[in-house]
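Work the whole structure out from these sequences, hints included.
Listed below are the residues making up each chain.
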Amino acid sequence: MSDASGTASAPTLIKLERVGKTYFRGKEPIEVLKDLDLEMPQGAFEALMGPSGSGKSTLLNLIAGLDSASSGRITVSGEDLGKMGEGKRAHWRSQNVGFIFQTYNLLPVLTAVENVELPLLLTSVPSKERKSRALTALRAVGLEDRATHRPDQLSGGQQQRVAIARAIVTDPKIIVADEPTGDLDRASADQILDLLVKLNKELNKTIVMVTHDPAAAERATIVRRLDKGQLT
Amino acid sequence: MNLATIALKNTRRNLFRTILTVAGVAVAMLAFLLLRTVLSAWLIGVEYSAKDRLATRHKVTMIMTLPKRYVDDVKNLQGVQGVTYMNWFGGKLPGKEDQFFATMAVDPKSFLEVYDEVSVPEEQKAKWLDDRRGALVGSTLAKQFGWKVGDRVILEGSIFPGQWEYTIDGIYTASRKSLDQSSFYFHWDYLNESLPAAQQEQVGWIASKVPDAGQAANVAKRIDALFDPRDIQTLSMSERAMNTSFLGMMSTLLNALQIVSVVILLIMMLILGNTIAMGVRERTHEYGVLRAIGFLPKHLSWFVIGEATVLGLLGGALGVGIGIPLINQGVGRFIEENFGGFFPYFRVAQGDVVVAIVLSIMLAVVAAVVPAYQATKLRVVDALRKLG
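Taken in sequence, the protein lines are chains R and C.
All residue numbers for the first sequence refer to this note's numbering, where the first residue is 1 and numbers rise by one.
All residue numbers for the second sequence refer to this note's numbering, where the first residue is 1 and numbers rise by one.
Mixed in with the good hints, there may be bad ones.
Claimed, not checked - Once the Cα atoms are required to be at most 27 Å apart in a straight line, the calculated DSS-like pairs of lysine-lysine come out as:
1) K173(R) <-> K88(R)
2) K298(C) <-> K131(R)
3) K173(R) <-> K298(C)
4) K128(R) <-> K9(C)
5) K27(R) <-> K377(C)
6) K83(R) <-> K298(C)
7) K83(R) <-> K377(C)
8) K88(R) <-> K298(C)
9) K377(C) <-> K88(R)
Unchecked claim - Computed Cβ-Cβ distance ranges for the label pairs, DEER-style:
10) L326(C) <-> D183(R): 47 to 55 Å
11) G85(R) <-> D382(C): 14 to 22 Å
12) E79(R) <-> R17(C): 41 to 49 Å
13) V358(C) <-> Y23(R): 44 to 52 Å
14) E79(R) <-> L8(C): 33 to 41 Å
15) V358(C) <-> K128(R): 28 to 36 Å
16) L326(C) <-> G85(R): 53 to 61 Å
No lab work stands behind these hints, which were simulated from the structure alone.
By construction, the Cβ of each residue, glycine as well, lies at the ideal position given by its N, Cα and C atoms.
Here you go:
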């Protein structure tokens with residue numbers, strides 16, 4: 001898939017310059033990413049594809065500020081993630097990144113609305129306002145009527161929509177999605193992808209999605225392929 | 001919703017495990033409370049013993065008696081307000097020899113003056129004072145044997161052989177905890193008149209009351225000094241000192257009980273620590289998610305410690321909730337009725353309840369420290385890789 005015309009002239013939101021990531025298995029170094037240069041424009045919907053072990057999830061973790069690069073520089077909106085300490089990066093994530101995981105990762109003891117409210121606990125938003133915003137986010141994903149249901153009372157597709165509501169409730173610039181349709185049937189997966197497209201187009205969210213699913217990648221505006229730690 | 005409500009809700013995650021943990025803490029706290037009550041009951045004799053009462057006995061041993069004329073000498077001493085005397089009788093109920101209770105021959109009138117915590121209805125008191133074969137029994141003892149006023153009782157004497165017949169003239173209660181309610185008092189004259197001439201006019205010990213408890217030690221010295229030049233010397237001490245010296249002999253047992261109560265608390269802490277550590281291990285992936293969305297390591301430690309606090313508080317409250325009625329209405333009553341001589345008052349002390357609750361929370365927090373620390377040390381990407 002080629003560049004979407006809508007984002008071609010948009011300013012760069014995420015910039016990677018000669019980024020490398022090396023893990024150590026005992027004393028043996030394993031180079032997962034090698035001198036990666038990459039620019040992602042604001043408002044893009046990017047899909048990262050590639051075989052297992054190609055470095056997709058590692059790249060996603062670096063962009064989301066979950067991990068730090070071994071070499072090179074990562075900037076998001078001009079902020080250098082490598083210069084942030086652990087605490088500052090956690091705060092940055094809470095303000096700028098929404099996460100969607102393959103296995104939804106909702107807290108089983110909380111209701112849908114409480115799960116969505118969770119990231120807002122880290123803000124100074126008052127309790128009533130928090131709940132109101134969480135309900136608005138649930139409405140955006142079409143699950144307002146399931147607000148008081150716990151995850152085990154929801155289908156897989158519904159749980160992922162709650163996870164999306166949790167990802168957008170703080171109004172982040174970036175949404176990172178790691179195999180968001182990996183655990184869903186086709187119909188549910190399509191609903192989730194529709195929702196991501198809607199978030200990208202209507203709310204101008206920049207979405208970076210790791211996927212193995214070609215149908216999911218088709219919905220993205222940019223598709224990048226990784227192999228052995230390098231973009232191909 | 002806030003962090004505290006999440007910690008509270010987390011306890012419902014594995015309800016069966018939570019119930020077992022809370023029950024474990026509750027049982028530990030119940031055992032702790034029971035042991036504390038045993039200790040308190042033991043110490044209560046000292047704590048509540050009259051500070052203004054002295055006991056004077058033979059200097060050599062309590063088994064040896066004093067001449068009755070010493071009573072008047074003590075009475076006439078400056079600083080002494082009232083004097084009474086008594087003999088340990090050692091009576092037993094035929095057929096129920098294994099059921100111990102204190103039996104003492106006392107001078108009724110002076111006994112009721114010096115032991116003014118004895119509370120007995122006026123008509124019963126009057127009857128007992130007039131009846132040389134009358135007995136005044138404690139309410140706990142009366143309940144134990146089903147005795148009522150007017151009942152005839154025969155005791156077998158172990159120190160003074162023979163069968164001794166009494167009429168229950170009164171049943172007393174104690175207005176203070178310094179006197180147990182399971183003793184059997186009867187007229188000293190009845191005993192004295194029944195003895196051979198050589199054994200008459202002898203008393204086991206003299207109890208004297210002083211107006212100022214602060215002067216008790218000085219008065220005790222003066223009493224002993226008075227009898228020093230005589231053939232039979234005395235040893236006087238306050239009732240509290242007498243009980244304390246008795247407790248000194250039991251110190252090994254009391255220390256053992258203290259150690260057992262500490263061991264119980266340690267076991268409780270290990271149970272809680274294990275449960276919390278299991279929870280942290282199981283939720284590693286979830287903690288990774290929380291860290292990803294911006295929660296800091298300190299937030300995770302709050303979750304862990306908050307959950308432990310809830311478990312500790314629930315367990316402590318349940319243990320105390322079960323313990324108070326169980327001890328006060330069940331075990332305590334049984335002990336008071338059957339071992340009233342040793343434990344006249346076997347009830348849960350308010351201070352022990354507070355200690356139990358505070359300790360259950362404090363130990364829960366301590367038990368959660370290591371798992372909480374482990375949770376804070378998780379790397380986000382490693383935690384996310386772990387399967388939930």
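### Task
May I ask which of the numbered hints given earlier this structure violates, with the numbers listed in increasing order?
none
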